[in-house]
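Novice: Spelled out, the chains give:
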Amino acid sequence: MEKKKNKVLLIGWDAADWKIIDKLMANGLMPAMKSLVESGVRGKLATLDPPLSPMLWTSMATGVRPYRHGVIGFVEHDGKGGVRSVSSHYRKVKAFWNMLTMEGYKSNVIAWWPSNPVESINGCMVSNLFQQEKKGRETMERENWEIPEGTIYPESLKEQLMELRVHPHDITGNLVMPFVPQAVALDKKKDKRLTVISKFIAHATTVHAACTELMETQEWDLTAVYHDAIDHFSHGFMKFHPPMMPNRDKEEYELFKDVVIGAYVFHDMMLDRLLKMIDDDTTVIIVSDHGFHSDHLRPPHIPKVPSGPAIEHAPYGIFVAKGPGIKKGERIHGASVLDVTPTLLTLFDLPVGRDMDGKPLVNIFDHPKTVQYIDSWEKVDKPGGELVSVSEESLEATNEAALQQLVDLGYIDEMKLDDSNEDQQEYLKGIIKENQFYLAKSYISGGKHEEALEILLEIEDKSNPDFRFLIDIINSAIKTKRYPLAKEYLNYVRKNELMSDAYMDTLEAKIALGLNDGETALKMLKSAIKSKPDAIEILIELGRLFNSLRELTKARECFLKVIEKDPDNAHAYHGAGVSYLREENYEEALDYFLNAVDKMHHYPMAHFHIGETLALMKEYSAAIGSFEVALTMNPDLPKTYRWLIDLNEIIENQKAVDYYKNKLKSKIIDEKVIITGLPGEKLMSVIDLLRENGFDVKGDPLNEAQWANPLNNDILEGVKEHICYLPENMIQNLLARYDCRFVVVNDEAEKVSEFINSKARLKKSSYNADLIDGLVKMDTTARIWLGQQPNLDIFYINELEDDKNEMLISFVKN
Amino acid sequence: MSEIIVVTGLPRSGTSLMMQIFDKSGTPILSDGIREKDVNNPEGYYELEAVKGIVKDNSFLKDAEGKVVKIVAPLPMFLDTKLKYKVVFMRREMDEVLRSQEKMLEKDQTSEREKFRTIYEFHLKKTYKFFSDNNIPFIDIMYSDLIKDPENEIKKLIEFCGLGSSVEDLSVVVKPELYRNR
Amino acid sequence: MKKKQEPVVIMMNGKPFEVPPGGSLGVLALGNVGVRAWKKAKEKFEKKDVPGDGKEKK
Numbered sequence: 001m002e003k004k005k006n007k008v009l010l011i012g013w014d015a016a017d018w019k020i021i022d023k024l025m026a027n028g029l030m031p032a033m034k035s036l037v038e039s040g041v042r043g044k045l046a047t048l049d050p051p052l053s054p055m056l057w058t059s060m061a062t063g064v065r066p067y068r069h070g071v072i073g074f075v076e077h078d079g080k081g082g083v084r085s086v087s088s089h090y091r092k093v094k095a096f097w098n099m100l101t102m103e104g105y106k107s108n109v110i111a112w113w114p115s116n117p118v119e120s121i122n123g124c125m126v127s128n129l130f131q132q133e134k135k136g137r138e139t140m141e142r143e144n145w146e147i148p149e150g151t152i153y154p155e156s157l158k159e160q161l162m163e164l165r166v167h168p169h170d171i172t173g174n175l176v177m178p179f180v181p182q183a184v185a186l187d188k189k190k191d192k193r194l195t196v197i198s199k200f201i202a203h204a205t206t207v208h209a210a211c212t213e214l215m216e217t218q219e220w221d222l223t224a225v226y227h228d229a230i231d232h233f234s235h236g237f238m239k240f241h242p243p244m245m246p247n248r249d250k251e252e253y254e255l256f257k258d259v260v261i262g263a264y265v266f267h268d269m270m271l272d273r274l275l276k277m278i279d280d281d282t283t284v285i286i287v288s289d290h291g292f293h294s295d296h297l298r299p300p301h302i303p304k305v306p307s308g309p310a311i312e313h314a315p316y317g318i319f320v321a322k323g324p325g326i327k328k329g330e331r332i333h334g335a336s337v338l339d340v341t342p343t344l345l346t347l348f349d350l351p352v353g354r355d356m357d358g359k360p361l362v363n364i365f366d367h368p369k370t371v372q373y374i375d376s377w378e379k380v381d382k383p384g385g386e387l388v389s390v391s392e393e394s395l396e397a398t399n400e401a402a403l404q405q406l407v408d409l410g411y412i413d414e415m416k417l418d419d420s421n422e423d424q425q426e427y428l429k430g431i432i433k434e435n436q437f438y439l440a441k442s443y444i445s446g447g448k449h450e451e452a453l454e455i456l457l458e459i460e461d462k463s464n465p466d467f468r469f470l471i472d473i474i475n476s477a478i479k480t481k482r483y484p485l486a487k488e489y490l491n492y493v494r495k496n497e498l499m500s501d502a503y504m505d506t507l508e509a510k511i512a513l514g515l516n517d518g519e520t521a522l523k524m525l526k527s528a529i530k531s532k533p534d535a536i537e538i539l540i541e542l543g544r545l546f547n548s549l550r551e552l553t554k555a556r557e558c559f560l561k562v563i564e565k566d567p568d569n570a571h572a573y574h575g576a577g578v579s580y581l582r583e584e585n586y587e588e589a590l591d592y593f594l595n596a597v598d599k600m601h602h603y604p605m606a607h608f609h610i611g612e613t614l615a616l617m618k619e620y621s622a623a624i625g626s627f628e629v630a631l632t633m634n635p636d637l638p639k640t641y642r643w644l645i646d647l648n649e650i651i652e653n654q655k656a657v658d659y660y661k662n663k664l665k666s667k668i669i670d671e672k673v674i675i676t677g678l679p680g681e682k683l684m685s686v687i688d689l690l691r692e693n694g695f696d697v698k699g700d701p702l703n704e705a706q707w708a709n710p711l712n713n714d715i716l717e718g719v720k721e722h723i724c725y726l727p728e729n730m731i732q733n734l735l736a737r738y739d740c741r742f743v744v745v746n747d748e749a750e751k752v753s754e755f756i757n758s759k760a761r762l763k764k765s766s767y768n769a770d771l772i773d774g775l776v777k778m779d780t781t782a783r784i785w786l787g788q789q790p791n792l793d794i795f796y797i798n799e800l801e802d803d804k805n806e807m808l809i810s811f812v813k814n
Numbered sequence: 001m002s003e004i005i006v007v008t009g010l011p012r013s014g015t016s017l018m019m020q021i022f023d024k025s026g027t028p029i030l031s032d033g034i035r036e037k038d039v040n041n042p043e044g045y046y047e048l049e050a051v052k053g054i055v056k057d058n059s060f061l062k063d064a065e066g067k068v069v070k071i072v073a074p075l076p077m078f079l080d081t082k083l084k085y086k087v088v089f090m091r092r093e094m095d096e097v098l099r100s101q102e103k104m105l106e107k108d109q110t111s112e113r114e115k116f117r118t119i120y121e122f123h124l125k126k127t128y129k130f131f132s133d134n135n136i137p138f139i140d141i142m143y144s145d146l147i148k149d150p151e152n153e154i155k156k157l158i159e160f161c162g163l164g165s166s167v168e169d170l171s172v173v174v175k176p177e178l179y180r181n182r
Numbered sequence: 001m002k003k004k005q006e007p008v009v010i011m012m013n014g015k016p017f018e019v020p021p022g023g024s025l026g027v028l029a030l031g032n033v034g035v036r037a038w039k040k041a042k043e044k045f046e047k048k049d050v051p052g053d054g055k056e057k058k
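Residue numbers (the numbering used here), protein chains in the order written: chain A, 1 to 814; chain B, 1 to 182; chain C, 1 to 58.
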């Protein structure tokens with residue numbers, strides 16, 4: 001039987017943004033888009049960091065993050081002493097056109113980025129170099145307009161498609177007028193902007209012509225086309241889009257204020273044609289890789305760093321889908337660029353790879369959709385299309401940045417990348433470094449801070465400091481709990497005044513928080529907020545700190561301030577929700593948490609807190625639902641499992657209880673009982689008591705040196721004992737994968753300081769006051785931390801009494 | 001078939017001392033013949049030029065069967081996995097390694113201590129991973145243990161590498177004064 | 001002597017539309033059909049003598 005499925009038309013519009021589209025649809029300027037939205041679903045598509053298009057469009061085509069697919073920059077080393085636009089050579093995984101080929105489906109893929117050289121898929125492929133009129137730095141004239149090898153597959157289509165190209169020089173004044181009505185007022189020779197507009201129009205037209213030609217003349221199951229024009233138009237002209245930005249030249253504004261609108265309108269016209277070429281059984285999907293700020297969030301300057309313009313990108317692109325079996329006139333939530341390929345696969349009833357980072361958007365369907373899974377498309381041994389031309393210098397993806405570090409350490413000789421001269425070598429090294437930075441950012445975005453840190457340290461170079469690398473080193477060091485490292489870099493940054501004071505204060509606050517030093521953290525954040533009262537990031541950190549110190553009103557003030565400035569800020573809603581939760585105002589808390597996940601669906605902590613709030617409101621089933629969502633997003637938090645076990649016990653769902661108990665067992669490295677408290681006589685007695693009762697307790701409160709820095713930052717690494725003493729300033733460093741119960745011994749700082757002094761045989765007066773202060777501080781922050789951990793089993797001991805001892809022993813037993 | 005013996009570890013972890021021990025045991029040192037054994041610079045003799053080019057060219061290992069070569073971590077990652085090895089991994093307290101390095105360099109490096117600590121941690125991790133991924137046998141020798149109690153550590157070494165020397169013969173390298181009167 | 005060229009006409013929104021040699025965004029938005037028609041219109045505009053019968057190429 002023929003496995004005929006309904007066709008799919010996938011359209012990519014780089015940087016398309018809902019804020020602009022919604023306005024234009026309301027004004028009747030985008031009727032084609034409006035018709036799609038009204039008869040299909042729409043939603044926001046979350047981007048990835050770094051929001052760089054070749055990385056994002058490859059993530060869209062593969063369903064995995066950049067550190068998995070290997071396309072990590074705009075340009076790459078071409079093996080001949082130069083750079084070239086990023087190609088398909090470095091892609092390490094299959095794209096949807098390969099997967100469809102493997103299953104016998106035909107695809108047209110036009111101008112995807114990156115897709116040069118094209119692949120011998122089942123169907124046709126036209127690479128993103130097809131519309132290019134530049135060869136290196138030279139512009140080819142219309143008459144001598146070659147296309148590079150590997151641009152079109154199959155070759156037989158070459159002539160047919162080449163005659164459909166439009167050269168920028170063909171774009172006459174009347175074609176530019178709708179974009180720049182006063183174009184006559186400009187001196188075309190002096191003002192390059194009109195040339196630039198011509199170029200974008202030419203590229204879009206060329207791509208569209210190739211797309212429509214293939215749709216019309218070739219058999220296809222999927223047509224996928226990519227346009228970069230909106231992104232280019234936006235980078236060039238969003239600064240002139242209404243409302244006029246402060247400090248802009250009024251004349252320039254008047255001249256160019258219609259350009260971005262014109263771009264969107266033209267795209268809608270092209271969309272109209274595409275829609276007229278398909279039938280109702282074809283599913284249409286439009287996506288963009290990120291948005292573009294068009295209002296007060298437009299940055300006033302672009303930083304002078306590579307890919308500085310990315311600061312103009314907004315975190316959400318668009319997603320629209322219409323077709324048989326898809327809901328009508330509804331909104332979907334929680335979509336990200338990683339979900340496009342899984343969704344495509346589902347539309348063709350093909351399995352999704354379990355190793356994909358994205359998920360199929362089953363909520364677009366008006367009926368329940370079963371999704372099949374396989375381990376990985378990389379393991380499927382069927383032909384999916386090969387690169388039609390491979391460069392002779394088959395470039396091994398060697399990690400050249402790591403090698404440079406080895407050179408700098410003197411371990412290996414300087415390595416020449418190829419035969420180019422010294423300047424070129426330097427330039428190339430710069431490119432490689434930059435790409436490694438993007439790779440590190442991709443790791444950070446995926447929560448893999450160790451891997452990111454490794455790369456960042458390899459590319460960091462104090463002879464040529466790049467503040468972007470330094471910021472991320474400090475942040476990754478904090479995230480991997482390497483506080484001395486974070487401090488070291490922060491000191492370096494402060495000494496060389498490489499960042500604004502406010503920013504450095506914020507980073508220092510983060511370090512202080514990690515070291516349980518709430519006081520310093522607060523001081524730093526207050527200082528930061530003084531110099532930058534409106535800085536959103538600082539307000540969020542400050543709000544979080546106030547939450548942990550239980551200064552809930554102050555916390556709320558910070559978060560509400562952020563919401564005022566940026567109503568889409570999910571973190572602010574979450575923070576405000578937490579403050580209400582702590583006050584036991586569950587209704588308000590829930591409202592804010594729901595807002596948070598509405599703004600950002602993939603927010604495991606927010607879903608977790610919704611679950612908690614609902615549980616505290618005794619809405620057990622609903623709470624279970626939220627915890628389950630939190631679990632799919634972050635399967636590594638034992639406390640989520642514990643909640644699900646407890647709640648399912650309450651509603652007497654034994655099957656679920658057993659299920660989660662088993663899951664928890666497989667997740668946890670180990671269950672431990674942690675004894676903590678101020679290191680005084682009471683604590684020693686508790687430990688002695690346990691040892692006398694046959695328990696092995698690891699740790700000696702009087703020996704600080706035992707906590708040497710382990711390789712893995714796992715302070716419990718190698719600890720075989722079930723019970724372990726940890727000083728109060730270390731309990732926060734416990735990795736989340738340990739399931740811990742706590743025995744907290746309460747004692748008075750003064751008594752403890754006397755005890756410590758006596759052990760050290762120091763005079764009472766020598767440093768007692770400071771010691772007591774230190775102990776109190778440590779104790780307070782430890783208790784705050786413990787208080788923040790939901791659902792923890794804690795056994796507090798005040799006195800060693802016989803009956804309490806029995807309870808202690810049974811608590812400590814398994 | 002005899003394996004290639006690789007002495008590895010972070011710089012200043014006792015790798016040179018270990019090479020001296022192997023030298024005393026009569027195990028041939030993989031040498032390029034470029035450097036002569038120099039009383040004034042015995043350590044120099046153990047540095048093989050070819051190791052510095054290991055990334056692009058590890059063919060020098062083909063002549064290394066039954067010989068010992070010093071390859072600082074993480075360079076063992078570039079070993080030819082088709083050959084057979086036995087690895088002696090010299091380990092030393094990280095703080096000691098860092099201090100020793102700082103002393104050696106002319107400028108004050110303490111401002112980069114944590115950076116190097118982290119880098120070295122990554123180097124160790126990568127090197128161990130390489131050995132375990134490729135089933136390359138190794139033993140860890142703690143530098144401090146070797147200095148404090150050479151006989152025990154050397155016994156381990158002799159067993160692991162199948163050396164013909166006696167424990168005493170080799171301990172002399174570590175603690176010559178112990179055997180002054182012999 | 002310049003012979004008057006027959007204009008290139010295509011259907012746009014269900015109505016016949018004369019393609020100007022300078023092109024129009026509406027024509028370009030039609031994709032392959034529009035580009036071909038435009039190129040033809042340009043070609044005709046640029047020719048000084050035409051021996052042909054104005055028959056459409058496609």
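Just so you know, the hints here were simulated from the structure itself, not pulled from any lab data.
Glycine included, every Cβ here is placed at the ideal spot set by N, Cα and C.
Hints may contain errors.
As the list claims (entries may be wrong) - A short, non-exhaustive set of chain A residues, derived as facing chain B with CB atoms under 10 Å: (1) 403; (2) 406; (3) 409; (4) 410; (5) 412; (6) 460; (7) 462; (8) 491; (9) 756.
Novice: Against each hint, give a clear statement of whether it holds in the structure.
Specialist: Now the hints, each set against the structure:
1. 403: It holds, given that the least Cβ distance between residue 403 of chain A and chain B is near 6 Å, below 10 Å.
2. 406: At 7 Å from the nearest chain B Cβ, residue 406 of chain A passes the 10 Å test, so the hint holds.
3. 409: This interface hint holds because 8 Å falls under the 10 Å limit.
4. 410: Holds, because the Cβ-Cβ distance from residue 410 of chain A to chain B comes to roughly 9 Å (cut-off 10 Å).
5. 412: holds (5 Å)
6. 460: With a minimum Cβ separation of about 8 Å from chain B (threshold 10 Å), the hint on residue 460 of chain A holds.
7. 462: holds (8 Å)
8. 491: Hint holds; residue 491 of chain A Cβ to chain B Cβ min 7 Å, cut 10 Å.
9. 756: Hint on residue 756 of chain A: violated, closest Cβ of chain B at ~24 Å, above 10 Å.
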